[in-house]
Amino acid sequence: MKETVGTRGLILNEPFLWERGGKGRTGYSLPRRDVAAAALPENLTGDGPDFPDLSEVEVVRHYTRLSTWNYGVDSGMYPLGSCTMKYNPKTNERQAALTGFSGAHPLVPSELCQGALQLIYELEHYLAHVAGLDAVSVQPSAGAQGELAGMLIFAAYHRDRGKPRSKILIPDTAHGTNPASAALCGFKAVPVETGPDGVLLPASVEALMDDDTAGIMVTNPNTLGLFETHIQAIADIIHAKDGLVYADGANMNAVMGVVDFGRAGVDVLHINLHKTFSTPHGGGGPGSGPVCVCKRLEPFLPAPRVVKTEAGYALSEDFPKSIGKLHAFYGNFGIMVRAYSYMLSMGPKLKDVSQHAVLNANYIKEKLKDVYHLPFDRPCMHECVFTDKFLEARGVTTLDVAKRLIDYGFHPPTIYFPLVVHGAIMIEPTESESLENIDQFIATMRRIAQEAEEDPTLLKEAPQNPKVRRMDETTAARKPCLRG
Amino acid sequence: MKELSEVNLPEDIRYTKDHEWARKKGETFQIGITDFAQDQLGDIVFVELPEPGDRFESGEEFGTVESVKAVSELFMPMGGEVAAINEALEDAPELVNTAPHTEGWMLELKASDSSEYDQLMDRAAYLDMLKGLEE
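Just so you know, the sequences run in chain order X and U.
When the letters of the first sequence are read in order and numbered with this note's numbering, they come out as residues 1 to 484.
When the letters of the second sequence are read in order and numbered with this note's numbering, they come out as residues 1 to 135.
Hint data in this document are derived by calculation from the structure and do not stem from the laboratory.
Predicted model only: the values in this text are computed from it and were never measured.
It is possible that part of the hints are untrue.
Unchecked claim - Example chain U residues on the side facing chain X (calculated, C-beta under 7 Å, incomplete): (1) V45; (2) V68; (3) K69; (4) A70; (5) E73.
C-beta atoms are modelled at their ideal positions from N, C-alpha and C, and glycine is treated no differently.
Given the sequences, and given the hints that come with them, work out the whole structure.
This is the structure:
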């Protein structure tokens with residue numbers, strides 16, 4: 001194994017801002033007053049908030065030091081399964097920062113922001129093409145809101161037919177937010193169990209589908225990183241009872257340009273632009289979760305929509321069946337610019353992205369399956385799921401493996417998810433990593449498995465290298481300290 | 001993680017397939033989660049319970065239990081009305097780990113049909129089920 005990148009490094013301590021500074025220090029100087037001083041009205045006087053007095057250099061050092069405590073995909077491999085922590089090319093940041101886009105006020109009249117409207121219009125068409133569906137709204141501001149939009153469309157569709165329905169089928173390998181989105185629209189979630197191979201079986205769906213079920217929410221590829229191979233047969237069963245098929249497309253990074261969701265029988269799909277289309281994410285937003293639909297559901301899409309007229313692009317509210325507005329103005333525009341720029345810069349190579357993401361995950365799966373237990377030994381998509389079963393005898397758990405990876409300079413994978421796999425270790429390398437990096441990750445995982453055999457305390461006491469050692473997560477959760 | 005032989009399975013309670021237990025206590029039934037369940041979940045940090053007076057059917061979700069690993073749903077072993085909840089769990093959720101069948105009880109139920117209790121698994125049947133899960 002090559003030398004590891006994990007070291008102690010030069011990490012500086014940094015106190016809270018309130019523990020820094022001194023009375024009277026400031027980071028600014030105001031110009032000399034050129035009007036007479038006037039007393040403030042009484043209701044505006046009194047004690048201000050408790051802000052510390054700080055100089056400019058203290059503030060800059062504070063945040064610079066904190067930033068060195070951070071780990072991001074710009075620092076190293078970030079194989080956090082289900083999250084698609086891929087590298088976001090900097091050119092897309094540059095386009096998003098162009099002042100014509102970043103400075104456009106949302107209330108600017110349509111004729112003065114034709115470029116921005118054209119970008120939205122074209123992006124929606126590009127996304128429809130990638131999804132294999134007919135119409136798109138980029139208004140939803142995150143994956144879960146895209147799901148909510150999808151469920152509102154389900155409800156609006158059945159209402160419009162005069163036959164509202166009360167239930168929705170959700171497999172146990174769907175994303176955890178799916179049942180919540182459905183419940184917000186008044187649907188009762190009916191769980192569907194996965195088959196023995198980790199994919200959904202048509203018979204399980206058939207047994208539960210009835211005239212009071214609005215449809216199904218399938219995550220495809222599912223949270224085990226497996227492609228739902230029976231998706232067409234399942235869609236046929238749902239459609240035969242006038243239900244609709246929703247696909248959670250949060251795992252789109254595995255199937256861009258490869259899977260035609262329309263032909264697979266999907267009626268509604270959401271895509272996470274912030275995951276798949278080049279927006280840094282994981283920090284709590286902003287995000288963008290466009291909702292894509294088939295032709296017959298287009299009237300229900302959120303409004304306003306960008307339309308193309310002879311006079312140019314315009315925003316139209318003229319969609320009487322629309323589920324309405326989901327976001328102020330037209331969603332998180334900066335993320336749309338990044339996605340548009342990403343798609344144009346990738347061109348036909350967008351398909352290579354998915355192929356490399358899938359190849360990398362399968363490579364890791366094959367290279368580790370003799371030392372880590374693989375619950376579903378079949379070709380995976382963009383991520384692979386192992387368990388800690390082989391380590392149990394040594395008293396070592398998934399958590400210990402994850403913590404030990406930090407010592408070697410890797411961000412840990414997702415652990416204990418999906419819930420249907422006991423002790424899950426979920427690895428998503430994405431397309432961003434070179435073969436050398438992936439080989440280094442594999443060698444590290446193998447060394448950790450060997451350490452578990454020979455000296456489990458190395459794992460139990462990990463991480464040793466970072467500034468902060470293993471946290472007491474239990475006490476932190478039971479007795480949280482939330483002061484600033 | 002405990003071996004099956006180490007899991008504490010009292011004789012005086014009945015079990016569900018979702019790893020809840022029920023104990024007959026005079027007119028009411030005490031409900032909680034099993035030692036096997038708490039061991040699988042790991043350190044429990046929060047228990048979300050219903051209000052006294054809430055009504056549930058057998059098998060219906062009545063709350064959630066959050067561990068450092070995950071959040072899991074709690075399902076009613078029997079139908080009825082919640083007579084009381086274990087308020088100690090708000091400040092000391094760890095009672096579910098340390099004493100799942102005693103101080104870590106979750107709620108007391110006025111059963112709508114106490115014959116449902118007899119349909120729950122006894123110790124032997126539950127242990128058989130756990131053995132099946134291990135394979």
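Hints breached by this structure
5
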